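K.L.:
Work the whole structure out from these sequences, hints included.
Residue numbers (the numbering used here), protein chains in the order written: chain A, 1 to 178; chain B, 1 to 365; chain C, 1 to 511.
By construction, these hints were calculated from the structure, which means they are not laboratory data. These figures come from a predicted structure and were not determined experimentally. Mixed in with the good hints, there may be bad ones.
Unchecked claim - Below, simulated EDC-like cross-link-like pairs (lysine to aspartate or glutamate); rule was C-alpha separation at most 20 Å, straight line:
| # | chain 1 | residue 1 | chain 2 | residue 2 |
| --- | --- | --- | --- | --- |
| 1 | C | K456 | A | E173 |
| 2 | C | K456 | C | E468 |
| 3 | C | K455 | A | E38 |
| 4 | C | K450 | C | D460 |
| 5 | A | K171 | C | E445 |
| 6 | C | K455 | A | E173 |
| 7 | A | K85 | C | D402 |
| 8 | A | K85 | C | E452 |
| 9 | C | K450 | A | E36 |
| 10 | C | K448 | A | E36 |
| 11 | C | K235 | C | D192 |
| 12 | C | K226 | C | D192 |
| 13 | C | K161 | C | D268 |
| 14 | C | K438 | A | E36 |
| 15 | C | K448 | A | E173 |
| 16 | C | K328 | C | E365 |
| 17 | B | K297 | C | E393 |
| 18 | C | K448 | A | E63 |
| 19 | B | K362 | C | E164 |
| 20 | B | K364 | C | D402 |
| 21 | A | K118 | C | E466 |
| 22 | B | K364 | C | E164 |
| 23 | C | K470 | A | E173 |
As the list claims (entries may be wrong) - Pulled a few chain B residues facing chain C out of the computed Cβ check, cut under 10 Å:
| # | residue |
| --- | --- |
| 24 | G119 |
| 25 | S139 |
| 26 | K343 |
| 27 | A354 |
| 28 | P358 |
| 29 | A359 |
Ideal Cβ placement from N, Cα and C applies to all residues, glycine included.
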Amino acid sequence: MLAAVTSLTALGAILGCGLGVAARKFAVEGDPLADEIEAMMPGSNCGQCGMAGCSAVAKAIAEGSATVTICPPGGKALATALAAKLGISVDLGDVVDSGPQIAQVKEEICIGCCRCMKACPTDAVVGAAKQIHNVIREACTGCGSCVERCPTEAITLRPVPVTLQHWVWPKPEIEAEA
Amino acid sequence: MIPVLPASAPATAPHTVTGSSVTRIMLILLATLVPATVYGFWLYGWPSIFLWIVTVLSALLGEAACLKMAGRRAMPSLLDGSALVTGWLLALSLPPWAPWWIGCIGGLFATILAKQVFGGLGYNLFNPAMVARVFLLISFPVQMTIWIAPMPITAPAALNFHDGLLVFIRGIPDLDAVTSASLLGFAKTELSRGIDLFHSLAASTAPVTTFSGNRTGSLGETAALLIAAGGLVLMAFRIISWHIPVAMLAGIAIPALIFNSIDPARYLDVSAHLLSGAAMLGAFYIATDYVTSPNTKYGQLVFGFGCGFLTYVIRTWGGYPEGVAFAVLLMNAVTPVIDRYLKPRILGRDWRGAPLDPAIEKAKS
Amino acid sequence: MGLIEKFLHNLKAPHWGVHPDDHKRPAADAPIRVLPLPARLYVPLQQHVGQAARPIVLVGQKVLKGQLIGEPQGRISAPVHAPTSGTITAIGDITAPHASGLPFDAITITSDGLDQAIEVDVPADPFALSPTEITNLIAAAGIVGLGGATFPASVKMALGKRSEITTLIVNGGECEPYLSCDDRVMRDHAADVVDGVRLMMYGMGAKEALVGIEDNKPEAIAAMRKAASHFPKVKIRPVPARYPMGSDRQLIQTLTGKEVPSDCRAADVGVIVNNVNTAYCVHRALRFGEPLIRRIVTINGGAVWQPGNLMVPIGTLAADLFEFVGLKSEPARLVMGGPMMGTVISHANIPVVKGTSGFLALSEEEIPHSEAGPCIRCGNCTSVCPIGLLPLEMAARVRAGDLDGASTMGLSDCISCGCCSYICPSHIPLVQYFSHAKGDLWAQERSKLKMEAAKKLAVDRAARLEREAKEKAEAAARRKAERDAAKAAEAAAKAAAAATESTATTTETVS
Numbered sequence: 001m002l003a004a005v006t007s008l009t010a011l012g013a014i015l016g017c018g019l020g021v022a023a024r025k026f027a028v029e030g031d032p033l034a035d036e037i038e039a040m041m042p043g044s045n046c047g048q049c050g051m052a053g054c055s056a057v058a059k060a061i062a063e064g065s066a067t068v069t070i071c072p073p074g075g076k077a078l079a080t081a082l083a084a085k086l087g088i089s090v091d092l093g094d095v096v097d098s099g100p101q102i103a104q105v106k107e108e109i110c111i112g113c114c115r116c117m118k119a120c121p122t123d124a125v126v127g128a129a130k131q132i133h134n135v136i137r138e139a140c141t142g143c144g145s146c147v148e149r150c151p152t153e154a155i156t157l158r159p160v161p162v163t164l165q166h167w168v169w170p171k172p173e174i175e176a177e178a
Numbered sequence: 001m002i003p004v005l006p007a008s009a010p011a012t013a014p015h016t017v018t019g020s021s022v023t024r025i026m027l028i029l030l031a032t033l034v035p036a037t038v039y040g041f042w043l044y045g046w047p048s049i050f051l052w053i054v055t056v057l058s059a060l061l062g063e064a065a066c067l068k069m070a071g072r073r074a075m076p077s078l079l080d081g082s083a084l085v086t087g088w089l090l091a092l093s094l095p096p097w098a099p100w101w102i103g104c105i106g107g108l109f110a111t112i113l114a115k116q117v118f119g120g121l122g123y124n125l126f127n128p129a130m131v132a133r134v135f136l137l138i139s140f141p142v143q144m145t146i147w148i149a150p151m152p153i154t155a156p157a158a159l160n161f162h163d164g165l166l167v168f169i170r171g172i173p174d175l176d177a178v179t180s181a182s183l184l185g186f187a188k189t190e191l192s193r194g195i196d197l198f199h200s201l202a203a204s205t206a207p208v209t210t211f212s213g214n215r216t217g218s219l220g221e222t223a224a225l226l227i228a229a230g231g232l233v234l235m236a237f238r239i240i241s242w243h244i245p246v247a248m249l250a251g252i253a254i255p256a257l258i259f260n261s262i263d264p265a266r267y268l269d270v271s272a273h274l275l276s277g278a279a280m281l282g283a284f285y286i287a288t289d290y291v292t293s294p295n296t297k298y299g300q301l302v303f304g305f306g307c308g309f310l311t312y313v314i315r316t317w318g319g320y321p322e323g324v325a326f327a328v329l330l331m332n333a334v335t336p337v338i339d340r341y342l343k344p345r346i347l348g349r350d351w352r353g354a355p356l357d358p359a360i361e362k363a364k365s
Numbered sequence: 001m002g003l004i005e006k007f008l009h010n011l012k013a014p015h016w017g018v019h020p021d022d023h024k025r026p027a028a029d030a031p032i033r034v035l036p037l038p039a040r041l042y043v044p045l046q047q048h049v050g051q052a053a054r055p056i057v058l059v060g061q062k063v064l065k066g067q068l069i070g071e072p073q074g075r076i077s078a079p080v081h082a083p084t085s086g087t088i089t090a091i092g093d094i095t096a097p098h099a100s101g102l103p104f105d106a107i108t109i110t111s112d113g114l115d116q117a118i119e120v121d122v123p124a125d126p127f128a129l130s131p132t133e134i135t136n137l138i139a140a141a142g143i144v145g146l147g148g149a150t151f152p153a154s155v156k157m158a159l160g161k162r163s164e165i166t167t168l169i170v171n172g173g174e175c176e177p178y179l180s181c182d183d184r185v186m187r188d189h190a191a192d193v194v195d196g197v198r199l200m201m202y203g204m205g206a207k208e209a210l211v212g213i214e215d216n217k218p219e220a221i222a223a224m225r226k227a228a229s230h231f232p233k234v235k236i237r238p239v240p241a242r243y244p245m246g247s248d249r250q251l252i253q254t255l256t257g258k259e260v261p262s263d264c265r266a267a268d269v270g271v272i273v274n275n276v277n278t279a280y281c282v283h284r285a286l287r288f289g290e291p292l293i294r295r296i297v298t299i300n301g302g303a304v305w306q307p308g309n310l311m312v313p314i315g316t317l318a319a320d321l322f323e324f325v326g327l328k329s330e331p332a333r334l335v336m337g338g339p340m341m342g343t344v345i346s347h348a349n350i351p352v353v354k355g356t357s358g359f360l361a362l363s364e365e366e367i368p369h370s371e372a373g374p375c376i377r378c379g380n381c382t383s384v385c386p387i388g389l390l391p392l393e394m395a396a397r398v399r400a401g402d403l404d405g406a407s408t409m410g411l412s413d414c415i416s417c418g419c420c421s422y423i424c425p426s427h428i429p430l431v432q433y434f435s436h437a438k439g440d441l442w443a444q445e446r447s448k449l450k451m452e453a454a455k456k457l458a459v460d461r462a463a464r465l466e467r468e469a470k471e472k473a474e475a476a477a478r479r480k481a482e483r484d485a486a487k488a489a490e491a492a493a494k495a496a497a498a499a500t501e502s503t504a505t506t507t508e509t510v511s
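P.N.:
Right, here's the structure in full:
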C-alpha cells in the first residue's frame, strides 16, 4: 500500500516537473505562423484589404479570421502560396484578380504638390515640388494610396498593359463540361 | 502578373485533324461485334433477338433520361454511341432466353447507376455493362443462370416469331426441355459431387467446347472465334492495343497450364478456359474499355493479367462457375492505383522523376 | 531487309509521336522562286529569343541593303539589318506573328527599288580565321536558329565552346506537315548547306556533324549525300519520318542515343543542334558577307493557288506572299509555321521574321471543327507523347486549377508539340491547357518576384523615414542645444555685465 502510494506520487512528481520544465524550455514567443505569414505579405501596408497594415492581416489570416484571398496586390500567386502554407485548399476560380494595376499620372492635371510621393509605400513616384510627377512601373504595386491623396485627381489606376512577353493563353472553355 | 486577356480566344494549334472521334471509335467497335451477335441470334433464335433489342433500348433510354435531368443536350452524347456499346455488350453477356425485364432492368441500371451517376462518359469507375451484369446475377440468380442449348433458328424445332415473343414475355414454359449446362458450370457441379474431370467430361451429357461456338452459353460469348476476330480487327484499326487482351488471356492460360499439368483430374485445360464463358469477350471488349482501364502500356499489362488471373481464380476456386465480370470489376477498382504508380518515364528523367546525369549521357556514343 | 532485321528495326523505331498526312508535295517539288521586291518592308526589332535590338537609324534616313539598322542589347540578342536599300519611313508598331495578335516594334523601310548593297569585307578563306572570329562574324550577321526557336546562333556556339561539343547535329527533319523550306534548301543548295555545316563545326570545335533528314525526302537525302561525299566528317543520316522528329531532344536521341537531361541544354551532353537553313545562312554570311536579310518561306495550304517555296526579304508582309502565289478561295485560317505547332494569325499584314518557316492558308476542309467532348481516358495522348507525359492527367489538373499538381507531373518538360491534341478523339485542346498553365505559372513567378522587390522598397522606405525622423530630431535637439547655449551665454554675459556694474558701484562707493 505504502509502496504503491509512494511510487505513484514519485512518478507524478517527476512527470509534473518534466512538464513544467518543458513548458518553460519550449515556450513559444508570439505567434510564429503570423510572423511567417507576414514575411510572405507584400509589406507595403497599402490598406487595400481594409486592415491596418500587413502585420495585422497576417495575424488575422493566422487566426483564421481572414481568408487567404484577402490581399489584392498579392493576387492569385499570394493566395496559392498562403493556401499551401496553411495546408488548406482554396478555390482560385473565385479570386477576383482584377489583374495587376499600376498608377498613372495625367501630366496635364498634375500640379507637382508632392503629396502622392509622400504617400507611396514603395517610393514608386518620382518628382519634385512644382514639377510633374511620374510613376516607376517596376516599383508600383498598384495599391492606390496615391490616388486618394491627389488633390486634382491626376492619378488613376490602370491595368498593366499586356505585352507579348506577358500574354498568357486563356484556359480552354469546354461546353460539354459546363 | 496575370495580364488582361483578349475577349475571344485565338484558335489553338494543331491546325490539322486526324478524323478520329469518339463516335467513329464506337461505331467501328459495334461493327466488329456484328458477326458474333448475328451468329448468336442464329444459335438462339427469336427470344435472343428480342432480348438484345430491349437491352439496347433500355440503355439508351437510361442515358437520355439522365442527360435530360442533368440539363445537358442529350443528342450529342447519345450520338457518341457509348450507351449503345454498353447496352450491346450487356446483351451479349446475358443468358439468351432471359425474360424481357432482365434486359430492361440491366440496360437501365448500366447507364443510369453505373455510368451517369458518376458524371457520364469518362467518369465512371467501373465498367457499366459488367456492373449491370453482376447486379443482375446477384439479384436474380435463377433467371441469370438458365442456359439454353443452341438450337439454330433455321432448325425445325426452333421457335417461330410468335412463340419466341411468348417465351420472351412469359418466360420459358418447359425448362428441362431446352436448358443445358455450360462447360464451366458442369465441371464445377460435378467436381463438387466428387466426380473428377476424367469421368465427368467423358460422360455423354457433358457439354463440349468447340471453336465454332456451337455450345451453351450467353448470347455473345459462345462464338469465341468470331469475338477474337473482331478484336483483331479493332487492333488493326488501332482502337485497342494488344496489351490488355494478350495479358488477360495469358493471365488465364498460364495458371490453367500449370494447374492442369499438376492435376488434370481437378483442373480444366487451357483451351477449355480460353474458349469458355466470356474469356474472349472480356479480353477484347470488356477489359479494354477505355474509361475503366489504365492509360499506360505497363499499367495495361498489369491490369490485363490481373483480370485474367482473377478470372481463373474465381472459376477454379470461387463460388461461381464464371468470373470474368467479377475479375474485371475488381481490377477496375485498382485501376486508379495502377495509373498512379505505373507511369511512363519522362524523357530526360529517371524513373523516379529526377533529371538524368548529363555526364553519363555525354559519355554515350 | 531480312525478317529479323525488319523486326529489330521496328523495335528500334520511335514508339512516340504521330504520323499526320504530310501535304508537302507538290509545294516541295517546285523550285524556289524569288519574290519581286515589295514596296515596303517591316523589319521587327524582336526576331529572336532574348532582348530586342535597339534601332540605330532615324526616320527619313537612307539605308543600303545589308546595313545594320538595329544593334543587339544584352547578352542574348541579335542585330537586324536592312533587307534592301531605301528610306526609313517609320519606327513603330506592327502586329506580331503571335497568337495574341499584339503589336511589337518594327522599322519600316520604303524600298527605292535599286536593292543597292552596302560594301563589306569578305574573308578570303573563313577557315583561316580563328573559331572566335567565326563566331563573331555569325553574331554580326544576326543569324538565329531558323528552325523556329530563333535562339541566336553565335550564343549557342559560345555555349558549345564552354562544354566541349563533340557532335553538331544538323536538323533537316522538317517533321511539320505542309512545310518544305528545309527540304528545298537541301535540294537546291546542298553544297552551300554542307559548307555552312563545316564552318559551324570549325567555329564550335565539333568533331563530326550528323545531318538528320526524314526518310520522306529522298531527293534531299541524295543531294546532301552527293554534296557531303568529299567530307567524311559530315554524315548524312536518314531518320524515320515521324512527328516530332524535328524536335531537338527527339532528333538527338534518334541520332546519338543520348538523352538530354530534363534540366539541361543539349550542349551539356556535348551536342548542338542547328537547322539546315541556319547552315545555309552561315555559308552566305561567311562566304559573301550577307547578313540574315532573307530566307526561304513555304507558302502552302488548301486555299493557295500555286503552293511552293519563295526566297523573300525579312519584313515582307504575308499579304504580299499570298498575293504572289494567288488564293483559290477565302482561307478559313491563316497560320504562321506548320499546322502542328504554328500560330494562328488573324490577318495577313504580318511580317516575315527570321523564324518564319512558312505561311499556310488553310481551307475550310483542312481545319478542325469538332467541339471538345469529355475525356474517355483512351490513353492515346499518353502513347503518342514523345516525352512520356500523361497529358490527360495533366489537363485534368490544370482544369481544376491545380497548377502545382500539373507541374509535379512534368508540365515543364512538355514541348507543346501538339501530338496529344492531334490524336485526341474527344478533340480536347490539351496543348492549350498546357500553354495556359505554363504562362500562368510564369506570370505567378514574375508577380512573386515583383512583390519581393516591392517589399524591399517598402522596407527601405521605412528605414529611410526612420532615419530622416531621427536626423530631424537630432537636428532639432542640436538647434535647441545651440539656442540654450546661446541663451545661457547671453545670460552669463548679462550677469557679468551686471556684476561689473555693481562692482563699479561698489568701487565708487568705496572711493
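K.L.:
A separate judgement is required for each hint: does it hold in the structure or not?
P.N.:
Hint by hint, here is what the structure shows:
no., hint, result
1, C:K456 x A:E173, "violated, 39 Å"
2, C:K456 x C:E468, "holds, 18 Å"
3, C:K455 x A:E38, "holds, 11 Å"
4, C:K450 x C:D460, "holds, 15 Å"
5, A:K171 x C:E445, "holds, 18 Å"
6, C:K455 x A:E173, "violated, 36 Å"
7, A:K85 x C:D402, "holds, 15 Å"
8, A:K85 x C:E452, "holds, 17 Å"
9, C:K450 x A:E36, "holds, 19 Å"
10, C:K448 x A:E36, "holds, 16 Å"
11, C:K235 x C:D192, "holds, 15 Å"
12, C:K226 x C:D192, "holds, 12 Å"
13, C:K161 x C:D268, "holds, 11 Å"
14, C:K438 x A:E36, "violated, 28 Å"
15, C:K448 x A:E173, "violated, 27 Å"
16, C:K328 x C:E365, "holds, 14 Å"
17, B:K297 x C:E393, "holds, 15 Å"
18, C:K448 x A:E63, "violated, 24 Å"
19, B:K362 x C:E164, "holds, 10 Å"
20, B:K364 x C:D402, "violated, 38 Å"
21, A:K118 x C:E466, "holds, 14 Å"
22, B:K364 x C:E164, "holds, 14 Å"
23, C:K470 x A:E173, "violated, 58 Å"
24, G119, "holds, 8 Å"
25, S139, "violated, 29 Å"
26, K343, "holds, 6 Å"
27, A354, "holds, 9 Å"
28, P358, "holds, 4 Å"
29, A359, "holds, 9 Å"
The structure fails to meet hints 1, 6, 14, 15, 18, 20, 23, 25 from the earlier list, while all remaining hints are met.
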